[in-house]
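Residue numbers (my numbering), protein chains in the order written: chain A, 1 to 284; chain B, 1 to 284; chain C, 1 to 284; chain D, 1 to 284.
Hints are computed from structural coordinates only; laboratory data are not their basis.
Note that the structure is a prediction, hence the values are computed from the model and not measured.
Any given hint could be a false lead.
Since the list gives no way to pick out one identical chain from another, each pair is judged satisfied if it fits inside one copy or across any two copies.
[What the hints assert, rightly or not] Here are the simulated SDA-like pairs of lysine to any residue, each with C-alpha atoms no more than 20 Å apart in a straight line:
#1 252 / 241
#2 279 / 212
#3 15 / 183
#4 263 / 13
#5 145 / 161
#6 87 / 263
#7 157 / 116
#8 87 / 43
#9 87 / 76
#10 109 / 124
#11 279 / 241
#12 109 / 129
#13 15 / 68
#14 163 / 266
#15 82 / 46
#16 132 / 183
#17 109 / 132
#18 109 / 133
#19 132 / 149
#20 15 / 37
#21 82 / 132
#22 263 / 187
#23 132 / 110
#24 87 / 114
#25 87 / 137
#26 109 / 134
#27 15 / 33
#28 82 / 207
#29 44 / 244
Protein chains: 4
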Amino acid sequence: MKNTATLLITCPDTKGIVAAIADFLHRNNANILHADQHQDAENKLFLMRVEWDLTDFSVDINHFEQAFSPVAHQFSMQWQLKLSQHKTRVAIMVSQYDHCLADLLHRHKSGELACEIPLVISNHRDTEALVKFYGVDFHHVAINKENKVAAEAAQFKLFDDYKIDLIVLARYMQILSPDFVARYPQQIINIHHSFLPAFIGARPYHRAFERGVKLIGATSHYVTEVLDEGPIIEQGTDRISHRDQVEDLIQKGRDLERVVLSKAVRWHIENRILLYANKTVIFD
Amino acid sequence: MKNTATLLITCPDTKGIVAAIADFLHRNNANILHADQHQDAENKLFLMRVEWDLTDFSVDINHFEQAFSPVAHQFSMQWQLKLSQHKTRVAIMVSQYDHCLADLLHRHKSGELACEIPLVISNHRDTEALVKFYGVDFHHVAINKENKVAAEAAQFKLFDDYKIDLIVLARYMQILSPDFVARYPQQIINIHHSFLPAFIGARPYHRAFERGVKLIGATSHYVTEVLDEGPIIEQGTDRISHRDQVEDLIQKGRDLERVVLSKAVRWHIENRILLYANKTVIFD
Amino acid sequence: MKNTATLLITCPDTKGIVAAIADFLHRNNANILHADQHQDAENKLFLMRVEWDLTDFSVDINHFEQAFSPVAHQFSMQWQLKLSQHKTRVAIMVSQYDHCLADLLHRHKSGELACEIPLVISNHRDTEALVKFYGVDFHHVAINKENKVAAEAAQFKLFDDYKIDLIVLARYMQILSPDFVARYPQQIINIHHSFLPAFIGARPYHRAFERGVKLIGATSHYVTEVLDEGPIIEQGTDRISHRDQVEDLIQKGRDLERVVLSKAVRWHIENRILLYANKTVIFD
Amino acid sequence: MKNTATLLITCPDTKGIVAAIADFLHRNNANILHADQHQDAENKLFLMRVEWDLTDFSVDINHFEQAFSPVAHQFSMQWQLKLSQHKTRVAIMVSQYDHCLADLLHRHKSGELACEIPLVISNHRDTEALVKFYGVDFHHVAINKENKVAAEAAQFKLFDDYKIDLIVLARYMQILSPDFVARYPQQIINIHHSFLPAFIGARPYHRAFERGVKLIGATSHYVTEVLDEGPIIEQGTDRISHRDQVEDLIQKGRDLERVVLSKAVRWHIENRILLYANKTVIFD
């Protein structure tokens with residue numbers, strides 16, 4: 001089993017950053033497996049992802065912060081360290097459309113997603129058998145206008161109980177409260193069934209059909225307080241024609257949604273995403 | 001040289017339409033080369049395009065209306081007849097970005113576009129040498145807030161003088177007046193440098209960059225009174241990443257714009273486009 | 001439930017075919033829902049698909065052949081009549097990679113595939129639980145060099161017992177005998193994990209990686225006697241880069257395979273495919 | 001005007017390479033603009049591209065080799081240094097199809113290609129006026145079986161006279177001699193009008209049409225001694241259907257060829273391509 005550390009860094013761009021990081025890792029005998037960086041000229045930002053094998057690494061990983069802090073301070077870095085041994089714990093929320101859910105569960109079982117999926121929450125019972133077939137706990141939390149606060153409280157408790165790191169909205173048709181969103185910053189991924197920012201809001205396939213577009217799309221993004229305005233992680237499009245009715249758009253869209261959502265989840269759990277200025281950098 | 005007629009029909013959907021049209025053509029000894037049809041269930045509409053060789057056709061094409069009118073009346077058809085011998089006469093309007101202009105002129109010279117291009121109008125002089133190299137008349141019509149009415153009047157006169165059937169806005173950076181648009185219904189094609197309806201209006205690549213989308217697009221459409229809301233003819237998208245700056249978006253966008261605009265022009269001049277409900281049917 | 005008939009016709013191209021068919025249908029009060037045709041100029045062939053509602057149709061569908069035969073004879077037609085009430089009965093064959101199998105079963109359950117899937121045959125037991133979860137019969141037929149004739153005989157018996165119309169090879173890693181292929185002409189669909197005709201044969205992703213291509217592909221096709229040379233139904237490609245290792249190609253390829261195979265199956269069961277000259281016409 | 005240096009490095013992968021390079025650049029006050037690296041696990045290779053501003057760089061760039069040699073020796077590096085002030089000098093070779101030529105000349109004039117294009121060589125005269133319109137020297141070198149050696153000698157002389165760094169075969173329909181190819185290693189880029197390795201050799205669109213593929217492609221690659229087997233730089237595909245005849249494939253293919261060839265040329269002149277194991281790494 002892979003035993004690596006991944007360091008994600010954001011800091012003001014200046015000379016000597018790479019030299020300092022590379023020197024730190026080399027002095028401590030790190031075997032670098034992947035390194036990628038990005039400089040944003042407009043915002044004068046430096047962003048980096050570096051992953052190394054822990055086998056020969058001479059720093060006790062529990063004391064990494066102490067060892068790395070001189071470098072971090074010198075360049076005013078924001079940084080996170082992720083260990084491959086700690087697998088991200090994912091909860092999936094779903095309503096009745098189950099194609100993204102089935103896809104994520106199957107990919108996970110096939111070894112494509114290096115995470116744990118201990119929990120699925122739904123406001124319907126339709127997907128219960130499927131979830132259980134894959135050996136995952138299913139919790140039904142009914143939600144309506146009256147019980148929304150209590151229902152979300154029940155959801156929070158489940159996330160706590162299952163020690164959830166990431167919440168995936170796999171066609172979950174309820175709008176999260178501001179409190180919910182604020183509680184899990186950069187930890188909620190949604191799939192929107194349009195090529196955002198086109199067709200923000202409800203019934204995007206119907207509106208795409210009415211507008212007569214020649215391509216439909218899907219967008220995975222982090223959820224922020226403003227609906228459908230969070231940082232975009234991945235998008236896809238597919239060609240349609242006048243021969244396609246709304247039902248055909250919905251069907252073609254399902255294939256986009258599956259791929260676009262699963263890529264976002266994979267990149268997140270592999271610690272390949274950095275955020276700045278409401279945008280994502282994907283270190284693929 | 002090809003000598004064909006193309007009939008474009010729109011009518012309420014009912015039984016017997018195809019039988020009546022096919023019978024009419026067969027009785028008159030038409031050799032059908034292409035036929036395509038579309039039924040819109042929601043609007044209960046029938047749309048058809050049929051192209052036949054005129055060599056053996058027994059109706060004098062100048063009296064086609066008279067011969068066809070019984071069928072047309074029976075089914076309340078709107079119809080147009082297009083003859084391949086009459087080539088569409090195209091005027092291109094352009095400002096300073098000349099990539100779509102150069103592309104259209106080269107495609108025309110290569111035989112890819114079966115039209116005449118006798119006229120280019122620009123509010124700048126930058127493209128004059130290029131236009132003349134391809135043997136096309138270039139007219140400079142300066143335009144600003146003060147002279148807009150007079151400038152458009154000069155443009156209308158040029159369209160009349162050159163007997164123009166179709167106006168192509170190949171990155172023409174002026175907004176046409178309502179009078180201009182009303183004068184040439186379904187005869188003005190524009191290229192918008194975004195995946196409409198995303199980024200309607202000015203500077204779409206800059207706004208795409210700010211929003212952090214992962215795909216950029218281009219859209220060709222007929223111009224109607226509402227800016228960027230006309231019927232979409234063709235769209236294309238291309239993938240971008242965080243490594244792409246605004247300049248890269250603009251550069252990648254140029255490749256989309258060329259292809260997306262040229263397809264719209266080709267389909268129009270080959271009489272492959274029918275309009276209804278602010279949408280296009282493309283009989284490709 | 002839909003109650004329609006679909007007529008698929010191939011005949012030499014000549015004048016009057018459409019008129020004769022449309023007249024036949026109109027005389028018998030058919031309500032045409034979709035009609036599409038194709039003329040192959042090189043081979044002088046006419047191909048047509050027409051689907052109509054049976055509600056008001058005045059011909060007893062059991063005596064359709066008799067009613068239609070004058071038209072069919074006049075134009076030397078090869079034709080097939082398909083009824084929506086008779087759902088295609090599909091058997092899926094699979095080895096150990098189960099992503100296409102899981103995808104087809106889920107699409108079927110979601111109502112995306114208007115067929116019956118009563119039978120899955122595998123030379124392994126890995127997929128048994130998944131198949132049974134979807135309520136489909138699973139039969140294990142071990143196969144090796146020694147028992148191939150007997151194993152295929154057992155498979156034929158299963159196809160007979162389950163009245164199978166279509167066999168889908170969903171990553172079935174055994175080569176069918178010539179006898180098998182000859183027995184089910186145009187009734188076996190395979191998914192090949194390359195952009196055919198590139199990388200015919202085994203281990204296409206490994207060979208794509210070695211060659212350094214920048215796109216990978218997948219191809220669904222009918223199985224004929226020559227391996228990987230049957231008529232192509234659908235193809236897809238996806239972009240890769242030097243950052244992708246063989247494992248990444250395999251993973252990206254799975255998404256292509258799912259979509260490309262499921263489209264082929266859907267078009268087949270919706271009677272949208274006509275074959276000629278080792279090619280497919282897809283009436284979409 | 002940009003004044004940067006780009007260092008391209010290939011060496012056995014081992015610990016400390018990045019630290020050594022970053023330290024070297026930092027000690028010499030380089031302002032790094034872009035850095036990208038790739039590790040090939042299978043071949044245990046490390047490849048890097050780093051570009052920095054020369055303004056504050058403390059090493060005299062004419063003595064770079066001397067300054068860098070300790071690092072280079074320590075890690076057994078193969079390396080090249082490229083200066084943005086030295087623009088690549090490109091010769092285009094073309095026969096009669098001029099779409100790629102016109103595209104490259106227009107992109108160059110628009111500032112999209114940061115190179116010089118002083119020379120076009122053709123075995124026909126068709127493109128002479130176009131070439132001269134763009135202010136480029138045109139040389140006609142007739143070639144046939146009898147005069148091939150002499151004709152190529154004349155071409156070599158032209159390349160010498162014009163100090164050519166890169167030869168672009170923009171639909172040049174002659175096979176280069178082994179001597180020609182050997183003379184310009186990694187300096188000849190070709191566009192092949194198929195998705196290699198499918199349809200190697202002549203008339204790929206015709207063979208694609210016969211095979212009934214559903215996608216066509218184009219491939220840009222470096223020319224090596226084995227025809228169509230050189231390292232692939234870029235590929236593209238576009239969807240076709242049974243409605244497309246050979247002429248349509250050719251027309252759609254032209255759009256692919258333009259984009260795919262121009263990307264290869266741009267990446268080459270921007271020093272973004274490294275070669276190993278008959279593959280390309282594109283540092284985009």
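Now the hints, each set against the structure:
no., hint, in the structure
1, 252 / 241, "both (12 Å within a copy, 18 Å between copies)"
2, 279 / 212, "between (29 Å within a copy, 5 Å between copies)"
3, 15 / 183, "neither (37 Å within a copy, 41 Å between copies)"
4, 263 / 13, "neither (29 Å within a copy, 29 Å between copies)"
5, 145 / 161, "neither (25 Å within a copy, 53 Å between copies)"
6, 87 / 263, "within (17 Å within a copy, 35 Å between copies)"
7, 157 / 116, "within (18 Å within a copy, 43 Å between copies)"
8, 87 / 43, "neither (33 Å within a copy, 29 Å between copies)"
9, 87 / 76, "neither (28 Å within a copy, 38 Å between copies)"
10, 109 / 124, "between (23 Å within a copy, 18 Å between copies)"
11, 279 / 241, "between (32 Å within a copy, 11 Å between copies)"
12, 109 / 129, "both (16 Å within a copy, 13 Å between copies)"
13, 15 / 68, "both (18 Å within a copy, 19 Å between copies)"
14, 163 / 266, "within (19 Å within a copy, 42 Å between copies)"
15, 82 / 46, "within (19 Å within a copy, 24 Å between copies)"
16, 132 / 183, "neither (28 Å within a copy, 41 Å between copies)"
17, 109 / 132, "both (13 Å within a copy, 17 Å between copies)"
18, 109 / 133, "both (11 Å within a copy, 15 Å between copies)"
19, 132 / 149, "neither (27 Å within a copy, 40 Å between copies)"
20, 15 / 37, "both (14 Å within a copy, 18 Å between copies)"
21, 82 / 132, "neither (30 Å within a copy, 39 Å between copies)"
22, 263 / 187, "within (15 Å within a copy, 35 Å between copies)"
23, 132 / 110, "both (16 Å within a copy, 18 Å between copies)"
24, 87 / 114, "within (7 Å within a copy, 40 Å between copies)"
25, 87 / 137, "within (18 Å within a copy, 36 Å between copies)"
26, 109 / 134, "both (8 Å within a copy, 17 Å between copies)"
27, 15 / 33, "between (24 Å within a copy, 10 Å between copies)"
28, 82 / 207, "neither (41 Å within a copy, 33 Å between copies)"
29, 44 / 244, "between (46 Å within a copy, 15 Å between copies)"
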